[in-house]
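Letter by letter, the chains look like this.
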Amino acid sequence: MSAKGKVSGVNGNMITVEVSDKIAMNEVGYVLSNGKRLKSEIIRINGDTAQMQIYEISGGIKVGDDVEFTGEMLAVELGPGLLGQIYDGLQNPLPELAARTGFFLEPGVYLDALDRQKKWAFTPVVGKGETVAAADTLGTVPEAAFTHRIMVPFSFLGEYTVDWIAPEGEYAVADKIAVIKDAGGNSHDLTMMFEWPVKRAVKCYSERLKPVKPMVTQVRLIDTFLPVALGGTFCIPGPFGAGKTVLQQTLSRHADVDIVIIAACGERAGEVVETLKEFPELTDPKTGRSLMERTVIIANTSSMPVASREASVYTAVTLAEYYRQMGLNVLLIADSTSRWAQAMREMSGRLEEIPGDEAFPAYLESTIAAFYERAGLVRLKDGSVGSVTIGGTVSPAGGNFDEPVTQATLKVVGAFLGLSRERSDARKYPAIHPLESWSKYKSLIPSSVTGYVYDVMRKSAEIDQMMKVVGEEGTSLEDFLIYLKGEYVDAVYFQQNSFDPVDAAVPTERQHRYFKLIVRIAAANLKFTEKDEARRWFAGLRLKTLDLNGTAYLSDEFLRIEKEIEAFVEERRDGYLPHSEAVLKAAEVK
Amino acid sequence: MDKIYSKIESISGNVITVKAKNVAYGELAEITTSFGTSLAEVIKLDRDMVSLQVFAGGRGVSTGDSVRFLGNPMRVSFSDNLLGRVFTGSGEPRDNGPALSENLITIAGPSFNPAKRIVPSKIVRTGIPMIDLFNTLVESQKLPIFSISGEPYNELLARIALQAEVDMIILGGMGLKYDDYLYFKETLEEGGALSRTIMYIHTASDPTVECLMVPDISLAVAEKFALQGKRVLVLLTDMTNFADAKKEISITQEQVPSNRGYPGDLYSQLASRYEKAVDIDGAGSITILAVTTMPGDDVTHPVPDNTGYITEGQYYLKGGRIEPFGSLSRLKQQVNAKTREDHRTIMDAMIKLYASYKDTLEKKSMGFSLSGWDEKLLKYGYLFESKMMNLSVNIPLEEALDEGWKMLAECFDKQETGIKTELIEKFWPKEG
Ligand SMILES: Nc1ncnc2c1ncn2[C@@H]1O[C@H](COP(=O)(O)OP(=O)(O)O)[C@@H](O)[C@H]1O
Ligand SMILES: [Mg+2]
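Just so you know, the protein sequences line up as chains A and B, in that order. When the letters of the first sequence are read in order and numbered with our numbering, they come out as residues 960 to 1549. When the letters of the second sequence are read in order and numbered with our numbering, they come out as residues 281 to 712.
Worth flagging that the hints you see were computed from the coordinates, not collected in a lab. Hints may be right or wrong, so weigh each one.
Unchecked claim - Derived DEER-like restraints, expressed as beta-carbon distance ranges:
#1 A/E1237 <-> B/Q508: 24 to 34 Å
#2 B/E690 <-> A/E1516: 50 to 60 Å
#3 B/K402 <-> A/F1458: 15 to 25 Å
#4 A/N1359 <-> B/G600: 27 to 37 Å
#5 A/R1075 <-> B/E679: 51 to 61 Å
#6 B/K457 <-> A/E1332: 48 to 58 Å
#7 B/K457 <-> A/A1511: 51 to 61 Å
#8 B/Q443 <-> A/A1133: 51 to 61 Å
#9 B/D459 <-> A/D1007: 55 to 65 Å
#10 B/K402 <-> A/R1059: 24 to 34 Å
#11 A/I1313 <-> B/G541: 14 to 24 Å
#12 B/K402 <-> A/E1516: 27 to 37 Å
#13 A/E1540 <-> B/E679: 50 to 60 Å
#14 B/K457 <-> A/A1463: 42 to 52 Å
Since this is a predicted model, take the numbers as computed values, not measurements. Cβ coordinates follow ideal geometry from the N, Cα and C atoms, glycine included.
Okay, chain B solo, but in the shape it has when bound (with noise of 0.2 Å):
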């Protein structure tokens, strides 16, 4: 029988300490208060002294309440029927569908053996030239969208989900607002791919400690059914929000902190996380979109930071466009040599040219005169931001690819492109 605790010796944010024996790490305790009973987690063992991290927060704890040990960590249920429901950071259903308690699985698992892995291969098309082309997304690829507060990035997650053809769709939300819940609902629905996703969803209101879980048990459920063969995408938002759990909890349990106030262990906790997207052989996939909100537009800032040393590349939304510099797709070149043979040439000319698009710019603002060169570049910059970057163009690769041997022409000579005689040959627009 378990034993029931009614001492609590200390509680300081959201972590309590109890004196108990017998108690593992990591094991689920529940703990009764006069709001209700929630769990907890141990998250440290000193002799007998135990502590625990209260999901529901220390708030209103009483030093009286009593706590019982499950015995177990902390564990989701995971079957077919989780497709359609929305529950809750801690697995509790939040709509009015029944709670699920069969075939509970371990969250937060062993990694993947890298020697298990394949080399990912398939494209996943969005109709964005800015990822299509530019910034190729690949089925099993980590990657988050840097945005700052106030972007469309939730638009542009929801229109990628719908966009790319996957089995499934596992959408995490932390410290999600409300509208923005029902905003994902009500586009999945619209898609006709609600029953299709499951949800796991912690909004600005509910306890902080809850939105911690919500990256571990979206990608566990999304590790089962890949393992069964589904190809799963996994969105998760915001992980910013999911950093400042970390932070809070890592500071009231007196930590020493790294970079401004973050724990030194951001890096692996996010990792651990990120890493759970795979390609399985013979089986699914766990495609992971995440959005990564910058606090002051500081790519510097730890939370983005750490994340792009993580994340197989990142989209940079800015101003309602994905930036082409600061984007990133580091998968691309496993599935660009496949799609054209000008794809990657396309690529890195377009981007070298706008590059040099912004100098004039520069140049420009300064009041120099500008040249004929710095002319053509103009008149380019005007077209590969109204054609390619601008986020409501939705054209397949290959158009997108036409569109810009277009574009070369109607601005440049052949040899300013910097492109190699044999595809200028082959790509280059015929006279009138």
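If we strip away everything but chain A, and leave its shape as in the complex, we get (with noise of 0.2 Å):
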């Protein structure tokens, strides 16, 4: 019998609670309010009264409302049936629940998260008296372009025997499927879902590796750049506007992955809806299936309640997790972590914690840490490998990155991809800062070459600094070259263009071949009598590399503008800069 306790207070989303029985840290309870059932967590326990956030707005809560825990903690449904949908931070599936209640999110309705109509073709994979644990697979259904397996329930400790498997069929999710004995004779029937924790990491692997393999995003400048690894993590931090959204919209399209989780989480409902309404349109090029297939929306929006927006971040690693239990690459993005630390920030202020820097709690550091923890490249028992790539947006008050939440992130993730107010200003977009952010992980090109041109950059950058001082009649027409160079890459190779068809993702030969083009006329030594007229030829070779951009890869179009450049720098070009033959061999230019 699970515990029952009443009312004794109310503050916001905070509600103080007398229970004599016993319950646990984390443990769901629901408040019984005029005739409404409001989930709620219990996230602090003092003698027999219990603090709990509540996942509603709590208008109508009175003193003496009573409240019934459950015995469980907040957790999901794991199975067939997730990919496609969307659900608010809890996992209550958004489009069914417009269906039962209509435009508003009325407070205190809950929904199956797995659909338990739908039949799934199940195989079964083991036999009666083979030997499985948790995370084995007894069987798979296919779902979307994948493989699902169906698994022994992550919290199934220690080793049990088959006893029955279902015969090749349809099931639904709630269908009996299998039941296993443990060590000690009792039977156990499972179905094709379970739950999970959404707070605790899902840890059924043999080992972790180390992330090396680049995820390819066909963003220019993270894929030659910045890279991110497979199983690794990178935040985006910017002040508003700098495009944040846009740029994880972008990853969500165009990432090399199996499956993405997007977790909108308290930011404008508006972008998820973008999403949702495009995604079903676009086709997934590895799989030939629409987008949403391989897509899961976790949509905890801005206005919907703050205590679901603390557990929208852990729902959807949870799924990411999952997935990866499958041997598939998932990419979760989450759009802002900035939101879910304000969260718990406003928490711990009901809680009356100590706090910490800008009224943060003290442990904020140790939770963001954590949750970046939960990405990871992972050896599963059988051999296969998955990994969950995590990548979070953070919203620094002030566009300022020297605030807690943006520092705490830096000292975790493997990539920092630091937008830049100046440069999206000046609709420099991707507007991540070339030279600021950086990225532990390996690139397609190798680091030398890529040095290289980055060389280039930030002498560029450093001479734009010293005209400022000193002038452009102040600068040697060598060193207005090397600026012009840095301009030029910028424009053309740094920039993309989101909104462009072709230019919006570039695949990894592309961006091989088009770099090649980039590192020759970087190491090129380019001859020019006066400055103004190099401006122009730069101005002429941007605007012809700019088409090229737009065409489509190795089309006529292409092929002539290609040439056309390449021409228009061979008039120029006498040679090629001191020290650099080894990039150029480095980078297999002729």
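The task is to assemble the complex, starting from two chains supplied on their own in separate frames and drawing on the hints.
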């Protein structure tokens, strides 16, 4: 029998409950108020009082209202049918909620996350008498383009013997598909779905591996210079309007992974809708199916209850870990982790905890670290490999990266894609600051080659700074050319037009070919007699290159413009700059 | 029968505490003092101690005043009778019309299900090139005007309201100067829009707490009209006063502030209001234009900063002009592909060039000699400011685009614009 209690106080979305039975930290309970059952979670226990955060708006609750506890922590349902869904932070399917309650999210309505009616074609892979353990595959069902593994629930400790397994056939998620026996001889009925508490990391793998393979994003600046690895982590901090969400949307479309989980955490509902309406119309080139079929959206947008916002990133990462157990590469993007941190801050304030920097709780750093730790490349027990890559946006107050959430995040991630207000103001998209950002992962292109171009960029920026002091007239022609080269590479290679159908996504092969051209121009010894002449020439070169960016790869037009650019450069080129043989060789420029 | 409590345990700022039973969180009460009656809202329950926020403020409240709980949360009347009327922040008539009590609706209702939203797709034309061409306003957008005090933000608000094709206007005034209230009234009247306008006005001399109700009341009423198929434009001025009222309350309640005294939930508080903007499938829409004054012209101040993270862009009003940098319409790409094929290109190219012009200005101010390129940019910058940024310009989008090409051709060679050859060939003005 689960515990019962009574409300003794309400303060915003935190309630105080008197309870004399046994209860557990993070246990879920329901407040019975005005005929509604409002879901809440215990966040502090002190003697016979518990403090709970409510996953709903708290208006209407009275002192003396009954509270029923469940004995369970906040958990999600795992099983076939998650792909293509759009859930709130507690895994309520939003379209089904809409069918039930109309335009508005009525408090206290909770629906099954997985469709109980839909049948799945199950094929058993184990036989009676076989020994199994948590996360071992009992059978499979096809889900979208994937072989969905029906596994022994992750919470099953120890070894079990298969007593019965359902024959091949069509089953709904709650149908019994296996009976397994534990060492003590107790039978357990299994279905195709089970629950897992969201705040616990799933660790049913044999080892964690070092993320080395790049996750191709088709964003040039990222893939070439600031790569993200499969199973790695990255963050995108930036002031408002700098392009965090657009960049994440680009990644959610074009990243070369199997599954994408989008956590829209405390940001605009409208942005989720764009994804929701567009993805079903777009094709995933890898599978030929609609993009929506590789996507799960967790939408707990800014006007939805704050406590479920806090839960939403955990819901998202749990789903990601679940699909990783099937040997798939999963990308989780969270927009924005700052809203999640603020949800923690609001609750911490209500609990009257001693505040840290900017009133964030003292455990902010460790909580952020623990979240990103759930990413990773793992070898599963059957030898296959899966990954969860996590990328979170950060929305620093005042756009200043020197604030608790950005700083805590920078300590734990493998790549930092910092967006700059200066670049977004100048419409230089993606507004990732090329020189201040960093990545610890390996690029598609050898680092000696990217390093060479990076040096040109760095020098170009320095010369630009110098010119602000000494003027153009105080700058040598040689330096001025480096400056122009930097500006050129920035304009044509670093910047990328997300709204151009061709330029929006640049596959690896095209990046390789293009980058060779860039290296050649960077290393070219160009002959000019005066600065204005050089500037005009570069303007022409830039225009041709932008035209190239917009043409389909290897089309006649593409080849024609490419030739034209080469000829244009050759006309001015007088050999290569000193000390450039090595890079030309490494980049395989003839 | 409602029970009356006649002992107030504590009074702190605008918050009073009484001992009472069976009271719901968010419930309203009526408090009778020697100055008259005021509404109050339950903001905290701790066993039998009930904390209430008094709309008229705590000033002059005595421990012997009486409190009567009403058994319902804050509500407001909703009907067509609202049109043309003016109310206070707690919904009382401010004009000479009758008080309305029919068809009461609760304010601050639950949020719109994201799955029921549709992608905004209708352009709102304003005749202002800095808006139509560079930062297009879209129906159902939520967009603040960032401004320092003294800028003509209320004029801009009124102008857009009159020029936009909407069915009705709801004006929510917070800490509004009386003169500004009169200005809105007159302007809307002259524009023939008063009969389709509803005003909820809290002026600078009204009690602070009433200011807090203005956005919720305005938006609750807007929501009902939108559900009936009306395209509603909600004007909120000035949201910084709303945030400051929140700050005041949270400080009296001894909440730990997060940033410059503002409560840690400022973002969520603002978001729950702004997110009411919506385009409803098969019905109407709510568009929100709000003024956010920036103390000290500082965009990083918590109010504009949090606002910018919530809204779908912002118009940055400075020196009587909408600044190209700092201004943004996040929804522009939903509509500007369908206006004219050169729209996006002109928008990007002209802003990039204007950025270069700014660099040149800096160079010039440092006393460096200017190149031929710099001279071109200077000419361009001047034209851009006088023909595009100037707020007195009032032309349709298409005319503004043509004007843009003319300006580019007047100042630059084709290739210097960075515009793709294909479009240059089509739109570059012919010689002569
Ligand atoms: N890659 C891009 N290309 C073109 N425009 C962009 C790009 N990224 C951002 N923008 C513009 O900037 C606006 C704000 O971008 P968004 O990603 O919403 O910012 P943030 O999430 O950082 O607040 C977009 O609505 C769009 O107009
Ligand atoms: Mg964003």
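| query | When you take the CB atoms of A/N1359 and B/G600, is the distance between them in 27 to 37 Å? | reply | holds (29 Å)
| query | Should the hint that B/K457 and A/E1332 are 48 to 58 Å apart at their CB atoms be regarded as holding? | reply | holds (54 Å)
| Is the hinted range of 51 to 61 Å satisfied by the C-beta distance from B/K457 to A/A1511? | For A/A1511 against B/K457, whose Cβ atoms are near 59 Å apart, the range 51 to 61 Å holds.
| Does the Cβ pair B/Q443, A/A1133 satisfy 51 to 61 Å? | holds (57 Å)
| said: Holds or violated: the 50 to 60 Å window for the beta-carbon distance between A/E1540 and B/E679? | reply: holds (56 Å)
| message | Taking 24 to 34 Å as the stated bounds, is the beta-carbon spacing between A/E1237 and B/Q508 within them? | response | holds (30 Å)
| query | Does the Cβ pair B/K402, A/R1059 satisfy 24 to 34 Å? | reply | holds (29 Å)
| message | Between the beta carbons of A/I1313 and B/G541, is the distance compatible with 14 to 24 Å? | response | 19 Å Cβ-Cβ, so the 14 to 24 Å window holds.
| Does the Cβ pair A/R1075, B/E679 satisfy 51 to 61 Å? | Given range 51 to 61 Å: holds, Cβ gap about 59 Å.
| Falls inside 27 to 37 Å, the C-beta gap from B/K402 to A/E1516? | holds (35 Å)
| task | Confirm or reject the claim that B/K457 and A/A1463 have a C-beta distance inside 42 to 52 Å. | result | holds (48 Å)
| request: Can you let me know if the beta-carbon spacing of B/K402 and A/F1458 is within 15 to 25 Å? | output: holds (19 Å)
Violated hint for the displayed structure: number 2, the only one.
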